[in-house]
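Going by the numbering used here, the first residue of the sequence shown is number 15, and it counts up by one from there.
Bear in mind the hints are in silico, worked out from the structure with no lab data behind them. Since this is a predicted model, take the numbers as computed values, not measurements. Every residue gets a Cβ at the ideal spot worked out from N, C-alpha and C, and that includes glycine. The reader is advised that the hints may include incorrect statements.
[Said to hold, decoys possible] Pairwise CB distance ranges, derived in the manner of DEER restraints:
1. 228 / 138: 50 to 58 Å
2. 87 / 114: 13 to 21 Å
3. 197 / 155: 53 to 61 Å
4. 172 / 114: 18 to 26 Å
5. 141 / 246: 51 to 59 Å
[Said to hold, decoys possible] The calculated DSBU-like cross-link candidates involving lysine-lysine, where the alpha carbons are at most 35 Å apart (straight line), are:
6. 198 / 157
7. 216 / 166
8. 89 / 157
9. 166 / 133
10. 233 / 142
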Amino acid sequence: MPDFVVDVMFEGREIDSSSQDTVIETEETNQDMFENALDMQTDEETCVPRCEGLECGPDGCGGICGFCPYGRFCKGGVCIEYCVPDCTGKECGDDGCNGECGTCDDNEYCAPNFTCVLKGCEPQCSGKECGPDGCGGFCGSCKEGYVCDPQKFVCIVDTSCHDVTATGRCVGNELQWCENEVLKKKDCTLEGLLCGYSDLAKKYMCLKPEQCTPQCAGKECGPDGCNGVCGQCGEGLVCSDYGKCGEPCGTITDSGTCQGEMLVFCHGG
Numbered sequence: 015m016p017d018f019v020v021d022v023m024f025e026g027r028e029i030d031s032s033s034q035d036t037v038i039e040t041e042e043t044n045q046d047m048f049e050n051a052l053d054m055q056t057d058e059e060t061c062v063p064r065c066e067g068l069e070c071g072p073d074g075c076g077g078i079c080g081f082c083p084y085g086r087f088c089k090g091g092v093c094i095e096y097c098v099p100d101c102t103g104k105e106c107g108d109d110g111c112n113g114e115c116g117t118c119d120d121n122e123y124c125a126p127n128f129t130c131v132l133k134g135c136e137p138q139c140s141g142k143e144c145g146p147d148g149c150g151g152f153c154g155s156c157k158e159g160y161v162c163d164p165q166k167f168v169c170i171v172d173t174s175c176h177d178v179t180a181t182g183r184c185v186g187n188e189l190q191w192c193e194n195e196v197l198k199k200k201d202c203t204l205e206g207l208l209c210g211y212s213d214l215a216k217k218y219m220c221l222k223p224e225q226c227t228p229q230c231a232g233k234e235c236g237p238d239g240c241n242g243v244c245g246q247c248g249e250g251l252v253c254s255d256y257g258k259c260g261e262p263c264g265t266i267t268d269s270g271t272c273q274g275e276m277l278v279f280c281h282g283g
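Whole structure, please, built from the sequences with the hints as guidance.
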């Protein structure tokens with residue numbers, strides 16, 4: 015027999031112990047409450063944890079089916095990687111974290127540019143090499159180094175400077191620099207020269223090999239700007255875009271993840 019106490023309270027009622035009816039009624043009341051309490055305890059004792067197909071989260075009986083490792087959190091009983099949804103400029107479609115940025119009406123569909131477009135829309139691409147098709151899609155795309163002319167909808171050379179300055183840079187043996195907000199390019203190989211940094215001019219130029227000054231200050235590895243390298247990384251390490259040796263990022267992105275009390279993120283590869 016389970017070991018517990020059932021309290022019976024009689025408020026505002028005086029019990030006549032000499033009355034047989036009262037005694038019987040009291041005994042029946044006590045028995046009913048005892049059976050109810052026993053049923054409750056039996057239910058608790060027979061609770062079966064439900065963890066089939068679950069990696070984490072509650073088991074339905076006050077316990078846990080499992081815990082997620084660092085860098086992951088529990089969602090719907092599954093451990094998933096920490097992710098920051100990105101819905102900038104999106105009406106609908108994937109948020110990058112297995113979620114949705116929004117939904118379209120029944121008479122609309124989510125187009126490739128993440129906007130809601132009326133069903134039955136006819137793309138208008140006649141005479142267009144690129145650019146929008148009027149139905150949330152595109153008539154075509156331009157290869158690297160080219161952009162779509164927003165007026166003629168044809169691919170033209172990208173002359174925007176982006177992050178290139180007047181000081182310039184070397185891409186392989188091609189010299190690139192910004193002049194009057196227009197990107198300029200020159201293949202140094204055609205003149206038998208090397209693309210490199212000139213200490214005298216304080217900018218990148220096509221130079222004779224003996225004039226090129228290696229740029230390795232603060233760098234452990236990577237190109238020196240004179241077709242050489244500043245150093246090599248040890249086994250298992252990679253060279254970042256900033257000339258530093260470190261562990262490869264693997265699946266970790268620049269958004270980062272938590273490993274215990276430490277924030278870990280990818281920077282420069």
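Hint check results:
The hinted window of 50 to 58 Å between residue 228 and residue 138 holds, with their beta carbons roughly 54 Å apart. Between residue 87 and residue 114 the beta carbon distance is about 19 Å. The supplied range of 13 to 21 Å therefore holds. Checking the proposed 53 to 61 Å range against residue 197 and residue 155 shows it is violated: the Cβ atoms sit about 20 Å from each other. Separated by about 33 Å at the C-beta atoms, residue 172 and residue 114 break the suggested range of 18 to 26 Å.
In this structure the hint that residue 141 and residue 246 lie 51 to 59 Å apart at CB holds, the actual value being about 53 Å. Using a Cα cut-off of 35 Å, the hinted pair residue 198 and residue 157 holds, with the two alpha carbons roughly 18 Å apart. Of the supplied pair hints, the one linking residue 216 and residue 166 is violated, its CA atoms being roughly 40 Å apart against a limit of 35 Å. At roughly 40 Å between alpha-carbon atoms, residue 89 and residue 157 are farther apart than 35 Å, so this suggested pair is violated.
Note on residue 166 and residue 133: the hinted pairing holds, with a Cα-Cα distance of about 27 Å set against a maximum of 35 Å. The straight-line distance between the Cα atoms of residue 233 and residue 142 is roughly 46 Å, outside the 35 Å bound, and the hint therefore fails.
Checked against the numbered hints given earlier, this structure breaks hints 3, 4, 7, 8 and 10; the rest are met.
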